[in-house]
Amino acid sequence: MTRRLLALVAILLLAPVARAQDVKRFPSGKHGAGELRYVEGVPVLTVRGSPAEMGEQFGALAVKPAPDLDGLIHRFLEDTGQKGRYPLVLAMGTRLLPGFPTHHRTEMEACAKAGNSDLGRHVFANTVADLSSGMGCSTIVVEPERSKTGTPLFGRNFDWTPTRGITEHTLVAVYRGTGKRAFAAVTVSPISGVVSGMNDAGLCLTVNEIHLRRSKDQAAFNWKGTPMLLAFRRVLEECKTVAEAETVLRAMERTTSCCLTLCDVSGGAVFEITPKTLAVRPAENGVCCCTNHFRTDDLSVGNKCWRFDKLAPLYTAEAKLGVTDVFARLDEVNQGKATLQSMVFEPRARVLHFAHGEGPATKLRPVRLELGKLFDEK
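First residue of the sequence shown? That's 78 in the working numbering, and the numbers climb one at a time after it.
The hints are simulated quantities; they were obtained by calculation from the structure and are not laboratory data. Keep in mind that the hints are not guaranteed to be accurate.
Unchecked claim - Here are the simulated DSSO-like pairs of lysine-lysine, each with C-alpha atoms no more than 30 Å apart in a straight line:
no.	residue 1	residue 2
1	K387	K414
2	K160	K450
3	K293	K257
4	K141	K317
5	K440	K455
6	K107	K225
7	K317	K160
8	K301	K225
9	K257	K107
10	K293	K387
11	K160	K387
12	K141	K190
13	K160	K414
14	K317	K455
15	K160	K257
16	K107	K381
17	K455	K141
18	K387	K440
19	K317	K353
20	K293	K190
21	K141	K107
22	K107	K414
23	K397	K381
24	K160	K141
25	K440	K397
26	K257	K455
27	K257	K317
As the list claims (entries may be wrong) - DEER-style ranges, computed between Cβ atoms:
no.	residue 1	residue 2	range
28	T183	E454	22 to 32 Å
29	E315	T171	22 to 32 Å
30	D145	T318	39 to 49 Å
Bear in mind that the values here come from a model prediction, so they are computed numbers and not experimental data. The C-beta atom is built at its ideal place from N, Cα and C for all residues, glycine as well.
With the hints as extra help, turn the sequences into a complete structure.
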(Lines of atoms letter the chains of each structure in order from A and count residues from 1; the text may use other names and numbers.)
(Lines give C-alpha, C1' and ligand atoms only; values in the text may rest on other atoms or scores of the structure.)
Protein backbone atom coordinates (compact mmCIF):
# COMPACT_ATOMS: atom_id res chain seq x y z
CA MET A 1 0.00 0.00 0.00
CA THR A 2 2.80 2.38 0.90
CA ARG A 3 4.52 1.73 -2.44
CA ARG A 4 1.31 2.45 -4.33
CA LEU A 5 0.80 5.65 -2.39
CA LEU A 6 4.35 6.79 -3.10
CA ALA A 7 3.95 5.97 -6.78
CA LEU A 8 0.71 7.98 -6.93
CA VAL A 9 2.35 10.95 -5.21
CA ALA A 10 5.25 10.78 -7.67
CA ILE A 11 2.86 10.78 -10.63
CA LEU A 12 0.93 13.75 -9.27
CA LEU A 13 4.11 15.69 -8.61
CA LEU A 14 5.67 14.95 -11.99
CA ALA A 15 2.56 15.49 -14.10
CA PRO A 16 2.68 19.29 -13.98
CA VAL A 17 6.36 19.18 -14.91
CA ALA A 18 5.64 16.99 -17.92
CA ARG A 19 2.84 19.29 -19.05
CA ALA A 20 5.08 22.35 -18.63
CA GLN A 21 7.73 20.72 -20.79
CA ASP A 22 5.19 19.73 -23.43
CA VAL A 23 3.96 23.28 -24.02
CA LYS A 24 7.51 24.46 -24.65
CA ARG A 25 7.62 22.51 -27.92
CA PHE A 26 5.57 22.83 -31.08
CA PRO A 27 2.75 20.27 -31.07
CA SER A 28 2.54 17.84 -33.98
CA GLY A 29 -0.32 18.61 -36.30
CA LYS A 30 -1.64 19.47 -39.76
CA HIS A 31 -3.11 22.61 -41.26
CA GLY A 32 -4.20 22.61 -44.88
CA ALA A 33 -1.35 21.07 -46.88
CA GLY A 34 1.12 21.76 -44.07
CA GLU A 35 2.31 19.34 -41.43
CA LEU A 36 4.52 19.50 -38.35
CA ARG A 37 6.01 16.22 -37.17
CA TYR A 38 8.97 15.05 -35.12
CA VAL A 39 12.01 13.12 -36.34
CA GLU A 40 13.94 11.80 -33.33
CA GLY A 41 13.01 14.85 -31.32
CA VAL A 42 13.57 17.43 -34.07
CA PRO A 43 10.44 19.37 -35.09
CA VAL A 44 10.14 19.30 -38.89
CA LEU A 45 7.55 21.56 -40.52
CA THR A 46 6.56 21.09 -44.18
CA VAL A 47 4.58 23.84 -45.90
CA ARG A 48 3.24 23.71 -49.45
CA GLY A 49 1.54 25.88 -52.04
CA SER A 50 1.32 29.60 -52.71
CA PRO A 51 3.04 32.21 -50.53
CA ALA A 52 -0.22 32.93 -48.72
CA GLU A 53 -0.91 29.22 -48.19
CA MET A 54 2.59 28.51 -46.88
CA GLY A 55 2.42 31.52 -44.60
CA GLU A 56 -0.90 30.39 -43.17
CA GLN A 57 0.44 26.89 -42.56
CA PHE A 58 3.60 28.18 -40.85
CA GLY A 59 1.59 30.59 -38.72
CA ALA A 60 -0.94 27.99 -37.60
CA LEU A 61 1.61 25.26 -36.85
CA ALA A 62 4.75 27.08 -35.69
CA VAL A 63 3.78 30.60 -34.61
CA LYS A 64 0.37 30.37 -32.95
CA PRO A 65 1.48 27.52 -30.61
CA ALA A 66 5.01 28.91 -30.11
CA PRO A 67 5.62 29.78 -26.46
CA ASP A 68 6.06 33.44 -25.52
CA LEU A 69 7.48 34.97 -28.71
CA ASP A 70 7.33 38.45 -27.22
CA GLY A 71 9.29 37.27 -24.21
CA LEU A 72 11.91 35.65 -26.45
CA ILE A 73 12.40 38.87 -28.42
CA HIS A 74 12.74 41.06 -25.34
CA ARG A 75 15.04 38.57 -23.56
CA PHE A 76 17.23 38.48 -26.66
CA LEU A 77 17.49 42.27 -26.75
CA GLU A 78 18.32 42.37 -23.05
CA ASP A 79 20.95 39.63 -23.43
CA THR A 80 22.60 41.57 -26.27
CA GLY A 81 22.68 44.88 -24.39
CA GLN A 82 19.73 46.38 -26.25
CA LYS A 83 17.08 46.37 -23.55
CA GLY A 84 14.20 48.69 -24.39
CA ARG A 85 15.33 49.15 -27.99
CA TYR A 86 12.65 47.01 -29.65
CA PRO A 87 10.72 50.03 -31.02
CA LEU A 88 13.91 51.44 -32.56
CA VAL A 89 15.05 48.14 -34.08
CA LEU A 90 11.54 47.51 -35.40
CA ALA A 91 11.41 50.98 -36.95
CA MET A 92 14.69 50.32 -38.75
CA GLY A 93 13.47 46.89 -39.85
CA THR A 94 10.25 48.41 -41.18
CA ARG A 95 12.35 50.77 -43.27
CA LEU A 96 13.66 47.67 -45.08
CA LEU A 97 10.19 46.43 -46.06
CA PRO A 98 10.36 47.80 -49.64
CA GLY A 99 13.33 45.46 -50.22
CA PHE A 100 11.38 42.34 -49.21
CA PRO A 101 10.65 40.09 -52.21
CA THR A 102 6.91 40.40 -52.84
CA HIS A 103 6.18 36.70 -52.31
CA HIS A 104 8.09 36.70 -49.01
CA ARG A 105 6.12 39.68 -47.76
CA THR A 106 2.82 38.05 -48.76
CA GLU A 107 3.84 34.89 -46.93
CA MET A 108 4.94 36.80 -43.84
CA GLU A 109 1.65 38.71 -43.63
CA ALA A 110 -0.34 35.46 -43.93
CA CYS A 111 1.89 33.86 -41.30
CA ALA A 112 1.29 36.68 -38.83
CA LYS A 113 -2.46 36.58 -39.41
CA ALA A 114 -2.76 32.80 -38.99
CA GLY A 115 -0.46 32.86 -35.98
CA ASN A 116 -2.46 35.61 -34.22
CA SER A 117 0.87 37.41 -34.16
CA ASP A 118 1.81 41.05 -34.53
CA LEU A 119 3.39 41.63 -37.96
CA GLY A 120 6.15 43.60 -36.29
CA ARG A 121 7.53 40.43 -34.69
CA HIS A 122 8.04 38.97 -38.15
CA VAL A 123 9.65 42.11 -39.53
CA PHE A 124 12.00 42.16 -36.53
CA ALA A 125 12.85 38.45 -36.86
CA ASN A 126 13.72 38.75 -40.55
CA THR A 127 15.78 41.96 -40.33
CA VAL A 128 17.57 41.87 -36.97
CA ALA A 129 20.53 40.05 -38.57
CA ASP A 130 21.00 43.03 -40.91
CA LEU A 131 20.82 45.54 -38.07
CA SER A 132 23.14 43.88 -35.54
CA SER A 133 26.16 41.60 -35.54
CA GLY A 134 26.06 38.87 -32.93
CA MET A 135 26.81 35.49 -34.48
CA GLY A 136 30.21 33.86 -34.11
CA CYS A 137 29.74 30.88 -36.38
CA SER A 138 32.22 28.47 -38.00
CA THR A 139 31.97 26.55 -41.27
CA ILE A 140 33.97 23.84 -43.03
CA VAL A 141 33.52 22.75 -46.65
CA VAL A 142 35.19 19.48 -47.64
CA GLU A 143 35.62 18.91 -51.38
CA PRO A 144 35.16 15.41 -52.87
CA GLU A 145 38.91 14.71 -53.06
CA ARG A 146 39.27 15.25 -49.29
CA SER A 147 36.05 13.46 -48.32
CA LYS A 148 35.86 9.87 -47.11
CA THR A 149 32.49 9.64 -48.87
CA GLY A 150 33.92 10.83 -52.20
CA THR A 151 31.30 13.58 -52.15
CA PRO A 152 31.27 17.09 -50.63
CA LEU A 153 30.58 17.65 -46.94
CA PHE A 154 29.58 20.96 -45.38
CA GLY A 155 29.80 21.49 -41.63
CA ARG A 156 28.53 24.43 -39.65
CA ASN A 157 28.29 25.61 -36.03
CA PHE A 158 25.57 28.17 -35.37
CA ASP A 159 26.77 30.32 -32.48
CA TRP A 160 24.33 32.87 -31.11
CA THR A 161 23.39 34.54 -27.86
CA PRO A 162 21.91 31.64 -25.80
CA THR A 163 18.74 33.48 -24.88
CA ARG A 164 16.33 31.41 -22.79
CA GLY A 165 13.67 29.92 -25.06
CA ILE A 166 15.55 29.99 -28.35
CA THR A 167 16.03 26.21 -28.41
CA GLU A 168 12.30 25.67 -27.88
CA HIS A 169 11.60 27.84 -30.94
CA THR A 170 14.07 25.99 -33.18
CA LEU A 171 12.79 23.81 -36.03
CA VAL A 172 13.59 22.60 -39.53
CA ALA A 173 11.16 24.14 -42.03
CA VAL A 174 10.71 22.53 -45.45
CA TYR A 175 9.22 24.85 -48.08
CA ARG A 176 7.63 23.45 -51.22
CA GLY A 177 6.43 26.61 -52.88
CA THR A 178 4.61 26.69 -56.20
CA GLY A 179 7.06 27.55 -58.98
CA LYS A 180 10.08 27.52 -56.66
CA ARG A 181 12.73 25.02 -55.73
CA ALA A 182 11.94 23.09 -52.58
CA PHE A 183 14.31 23.87 -49.73
CA ALA A 184 14.81 23.27 -46.02
CA ALA A 185 15.87 25.92 -43.51
CA VAL A 186 17.17 25.37 -40.00
CA THR A 187 15.35 28.25 -38.38
CA VAL A 188 13.90 29.84 -35.28
CA SER A 189 10.21 30.75 -35.36
CA PRO A 190 9.07 33.17 -36.75
CA ILE A 191 12.08 33.67 -39.09
CA SER A 192 11.05 32.92 -42.68
CA GLY A 193 14.43 33.78 -44.23
CA VAL A 194 17.40 31.41 -44.33
CA VAL A 195 20.28 31.28 -41.86
CA SER A 196 21.28 27.69 -42.75
CA GLY A 197 19.65 25.58 -45.45
CA MET A 198 19.69 23.20 -48.41
CA ASN A 199 17.53 22.99 -51.53
CA ASP A 200 16.33 20.12 -53.70
CA ALA A 201 19.38 20.42 -55.98
CA GLY A 202 21.68 19.87 -52.99
CA LEU A 203 22.81 23.51 -52.88
CA CYS A 204 23.54 24.46 -49.26
CA LEU A 205 24.37 27.78 -47.64
CA THR A 206 24.93 29.30 -44.22
CA VAL A 207 25.54 32.85 -42.97
CA ASN A 208 28.45 34.13 -40.88
CA GLU A 209 27.92 37.69 -39.68
CA ILE A 210 30.61 40.37 -40.01
CA HIS A 211 30.30 43.94 -38.78
CA LEU A 212 29.98 46.40 -41.66
CA ARG A 213 32.86 48.49 -40.30
CA ARG A 214 35.24 45.54 -40.65
CA SER A 215 35.51 45.70 -44.43
CA LYS A 216 38.23 47.36 -46.49
CA ASP A 217 35.77 48.81 -49.02
CA GLN A 218 34.09 50.89 -46.27
CA ALA A 219 30.66 50.29 -47.78
CA ALA A 220 27.69 52.08 -46.23
CA PHE A 221 24.55 50.24 -45.15
CA ASN A 222 22.18 50.00 -48.11
CA TRP A 223 18.61 50.72 -47.00
CA LYS A 224 17.36 49.81 -50.49
CA GLY A 225 18.76 46.29 -50.27
CA THR A 226 17.03 42.96 -49.72
CA PRO A 227 17.40 41.81 -46.08
CA MET A 228 20.10 39.18 -46.16
CA LEU A 229 18.13 36.21 -44.79
CA LEU A 230 15.51 36.78 -47.49
CA ALA A 231 18.21 37.28 -50.13
CA PHE A 232 19.71 33.92 -49.22
CA ARG A 233 16.28 32.31 -49.27
CA ARG A 234 15.94 33.56 -52.84
CA VAL A 235 19.19 31.78 -53.68
CA LEU A 236 17.79 28.46 -52.48
CA GLU A 237 14.47 29.08 -54.26
CA GLU A 238 16.12 29.84 -57.59
CA CYS A 239 19.63 28.35 -57.88
CA LYS A 240 21.16 24.94 -58.50
CA THR A 241 24.87 25.68 -58.16
CA VAL A 242 27.33 27.94 -56.36
CA ALA A 243 27.98 29.69 -59.68
CA GLU A 244 24.29 30.46 -60.16
CA ALA A 245 24.12 31.81 -56.61
CA GLU A 246 27.01 34.16 -57.36
CA THR A 247 25.17 35.53 -60.40
CA VAL A 248 21.96 36.13 -58.45
CA LEU A 249 23.71 37.82 -55.52
CA ARG A 250 25.87 40.06 -57.71
CA ALA A 251 22.72 41.37 -59.39
CA MET A 252 20.94 41.97 -56.07
CA GLU A 253 20.91 45.09 -53.91
CA ARG A 254 22.57 43.96 -50.65
CA THR A 255 22.01 45.62 -47.27
CA THR A 256 25.13 44.84 -45.25
CA SER A 257 28.22 42.66 -44.84
CA CYS A 258 28.59 38.96 -44.10
CA CYS A 259 30.29 35.79 -45.22
CA LEU A 260 28.12 33.27 -47.01
CA THR A 261 29.50 29.74 -47.19
CA LEU A 262 27.98 27.67 -50.00
CA CYS A 263 28.35 24.10 -51.22
CA ASP A 264 26.72 22.25 -54.10
CA VAL A 265 27.09 18.67 -55.32
CA SER A 266 30.55 19.44 -56.72
CA GLY A 267 32.09 21.58 -53.98
CA GLY A 268 31.93 24.96 -52.33
CA ALA A 269 33.31 28.41 -51.62
CA VAL A 270 32.96 31.38 -49.31
CA PHE A 271 31.40 34.59 -50.61
CA GLU A 272 32.66 37.66 -48.77
CA ILE A 273 29.85 40.15 -49.17
CA THR A 274 29.29 43.86 -48.59
CA PRO A 275 26.79 46.25 -50.23
CA LYS A 276 29.57 47.16 -52.72
CA THR A 277 31.66 44.00 -53.10
CA LEU A 278 31.31 40.25 -53.56
CA ALA A 279 34.65 38.45 -53.34
CA VAL A 280 34.85 34.68 -53.79
CA ARG A 281 37.24 32.62 -51.67
CA PRO A 282 37.54 29.11 -53.16
CA ALA A 283 38.69 25.91 -51.50
CA GLU A 284 42.39 25.19 -51.04
CA ASN A 285 43.70 21.64 -50.85
CA GLY A 286 40.13 20.43 -50.85
CA VAL A 287 38.81 22.47 -47.90
CA CYS A 288 37.35 25.91 -47.29
CA CYS A 289 36.85 27.28 -43.77
CA CYS A 290 35.16 30.42 -42.51
CA THR A 291 34.53 32.20 -39.22
CA ASN A 292 33.65 35.89 -38.86
CA HIS A 293 36.40 37.82 -40.61
CA PHE A 294 36.99 38.75 -44.23
CA ARG A 295 40.20 37.15 -45.50
CA THR A 296 40.43 38.22 -49.15
CA ASP A 297 42.74 41.07 -50.14
CA ASP A 298 39.71 43.02 -51.37
CA LEU A 299 38.04 43.19 -47.97
CA SER A 300 40.24 42.02 -45.08
CA VAL A 301 41.19 44.54 -42.41
CA GLY A 302 42.32 41.97 -39.84
CA ASN A 303 41.88 38.25 -39.62
CA LYS A 304 42.85 37.26 -36.09
CA CYS A 305 40.42 34.57 -34.92
CA TRP A 306 41.19 31.66 -32.61
CA ARG A 307 38.51 29.54 -34.25
CA PHE A 308 39.97 29.98 -37.73
CA ASP A 309 43.43 29.25 -36.36
CA LYS A 310 42.07 25.97 -34.97
CA LEU A 311 40.63 25.06 -38.38
CA ALA A 312 43.56 26.29 -40.47
CA PRO A 313 45.64 23.04 -40.22
CA LEU A 314 42.97 21.41 -42.41
CA TYR A 315 44.39 23.40 -45.33
CA THR A 316 47.77 21.66 -45.15
CA ALA A 317 46.65 18.22 -43.96
CA GLU A 318 46.23 15.29 -46.31
CA ALA A 319 43.86 13.12 -44.29
CA LYS A 320 40.37 12.63 -45.62
CA LEU A 321 37.36 13.63 -43.55
CA GLY A 322 34.02 11.95 -42.95
CA VAL A 323 30.88 13.23 -41.27
CA THR A 324 32.12 12.34 -37.78
CA ASP A 325 35.48 13.98 -38.50
CA VAL A 326 33.80 17.23 -39.52
CA PHE A 327 31.74 17.20 -36.33
CA ALA A 328 34.96 16.62 -34.35
CA ARG A 329 36.58 19.68 -35.97
CA LEU A 330 33.48 21.73 -35.23
CA ASP A 331 33.65 20.60 -31.61
CA GLU A 332 37.18 22.01 -31.39
CA VAL A 333 35.78 25.49 -32.13
CA ASN A 334 32.60 25.30 -30.07
CA GLN A 335 31.81 28.35 -27.96
CA GLY A 336 30.13 26.65 -25.05
CA LYS A 337 26.51 27.59 -24.44
CA ALA A 338 26.58 29.91 -27.46
CA THR A 339 26.93 26.95 -29.86
CA LEU A 340 23.21 26.29 -30.18
CA GLN A 341 23.35 24.18 -33.34
CA SER A 342 25.91 21.99 -35.08
CA MET A 343 25.26 20.39 -38.43
CA VAL A 344 26.79 18.63 -41.42
CA PHE A 345 25.16 18.69 -44.86
CA GLU A 346 25.73 16.01 -47.49
CA PRO A 347 24.71 17.81 -50.72
CA ARG A 348 24.65 14.80 -53.08
CA ALA A 349 22.73 12.59 -50.67
CA ARG A 350 20.53 15.57 -49.67
CA VAL A 351 20.98 14.68 -46.02
CA LEU A 352 21.34 16.89 -42.95
CA HIS A 353 22.97 15.64 -39.74
CA PHE A 354 21.66 18.04 -37.10
CA ALA A 355 22.29 18.56 -33.39
CA HIS A 356 20.67 21.33 -31.38
CA GLY A 357 19.94 22.12 -27.77
CA GLU A 358 21.58 23.66 -24.76
CA GLY A 359 25.13 24.27 -25.88
CA PRO A 360 27.56 23.25 -26.87
CA ALA A 361 25.50 21.39 -29.47
CA THR A 362 28.70 19.74 -30.68
CA LYS A 363 28.47 17.51 -27.59
CA LEU A 364 24.99 16.27 -28.55
CA ARG A 365 24.10 13.32 -30.77
CA PRO A 366 23.14 14.52 -34.26
CA VAL A 367 19.94 13.37 -35.92
CA ARG A 368 20.02 12.28 -39.57
CA LEU A 369 17.33 14.05 -41.60
CA GLU A 370 16.65 12.74 -45.11
CA LEU A 371 15.83 16.10 -46.67
CA GLY A 372 15.66 14.62 -50.17
CA LYS A 373 12.72 12.45 -49.18
CA LEU A 374 10.97 15.46 -47.67
CA PHE A 375 11.51 17.44 -50.89
CA ASP A 376 10.16 14.62 -53.07
CA GLU A 377 7.30 13.17 -51.02
CA LYS A 378 3.81 13.54 -52.43
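Evaluation of the provided hints:
Distance check on the hinted pair: K387 and K414 sit about 19 Å apart at the alpha-carbon level, within 30 Å; holds. Only pairs whose Cα atoms come within 30 Å are accepted, and K160 paired with K450 is rejected, the gap being roughly 43 Å. Only pairs whose Cα atoms come within 30 Å are accepted, and K293 paired with K257 is rejected, the gap being roughly 36 Å. In summary, the hint linking K141 to K317 is not supported, as the alpha carbons are separated by about 33 Å, beyond the 30 Å threshold.
In summary, the hint linking K440 to K455 is not supported, as the alpha carbons are separated by about 35 Å, beyond the 30 Å threshold. Restraint check for K107 and K225: the C-alpha separation of about 39 Å exceeds 30 Å, so the hint is violated. A hinted pair counts as satisfied when its Cα atoms are at most 30 Å apart, and K317 with K160 does not qualify at roughly 41 Å. Our distance criterion of 30 Å between C-alpha atoms is broken by K301 and K225, whose separation comes to about 44 Å.
Under the criterion of a C-alpha separation no larger than 30 Å, the hint pairing K257 with K107 is consistent with the structure, at around 22 Å. Pair hint K293 plus K387 holds up; C-alpha atoms about 25 Å apart against a cutoff of 30 Å. A threshold of 30 Å between alpha carbons decides the hint, and for K160 with K387 the separation of about 34 Å lies outside it, so the pair is violated. The hinted pair formed by K141 and K190 meets the criterion: a straight-line CA distance of about 9 Å does not exceed 30 Å.
Our distance criterion of 30 Å between C-alpha atoms is met by K160 and K414, whose separation comes to about 21 Å. A hinted pair counts as satisfied when its Cα atoms are at most 30 Å apart, and K317 with K455 qualifies at roughly 22 Å. Between K160 and K257 the CA atoms are separated by roughly 39 Å; this puts the pair beyond 30 Å, and the hint is violated. For the given pair, K107 sits about 48 Å from K381 by alpha-carbon distance, which is inconsistent with the 30 Å threshold.
Distance check on the hinted pair: K455 and K141 sit about 26 Å apart at the alpha-carbon level, within 30 Å; holds. Distance restraint check for K387 and K440: the Cα-Cα separation of roughly 18 Å lies within the 30 Å cut-off, and the hinted pair is therefore satisfied. The straight-line distance between the Cα atoms of K317 and K353 is roughly 24 Å, inside the 30 Å bound, and the hint therefore holds. Of the pairs offered as hints, the one joining K293 and K190 is violated, with about 43 Å between alpha carbons and a cut-off of 30 Å exceeded.
Between K141 and K107, the direct Cα distance comes to roughly 13 Å. Compliance with the 30 Å bound is thereby established for this hinted pair. Restraint check for K107 and K414: not satisfied, since their Cα atoms lie roughly 33 Å apart, outside the 30 Å limit. The hinted pair formed by K397 and K381 meets the criterion: a straight-line CA distance of about 27 Å does not exceed 30 Å. Of the pairs offered as hints, the one joining K160 and K141 holds, with about 25 Å between alpha carbons and a cut-off of 30 Å not exceeded.
Proximity of K440 to K397 is assessed by CA-CA distance (about 22 Å); at most 30 Å being required, the pair is judged to hold. Proposed proximity of K257 and K455 is supported: the alpha carbons are some 16 Å apart, at most 30 Å. For the proposed pair K257 and K317, the alpha carbon gap of about 12 Å is at most 30 Å, so the pair holds. At roughly 25 Å, the beta-carbon separation of T183 and E454 lies within the given 22 to 32 Å, and the hint holds.
For E315 paired with T171, a C-beta distance near 26 Å keeps the hint of 22 to 32 Å intact. Checked against the given bound of 39 to 49 Å, the beta carbons of D145 and T318, roughly 41 Å apart, stay inside it.
In summary, the structure is inconsistent with hints 2, 3, 4, 5, 6, 7, 8, 11, 15, 16, 20, 22 from the numbered list given earlier, while agreeing with the others.
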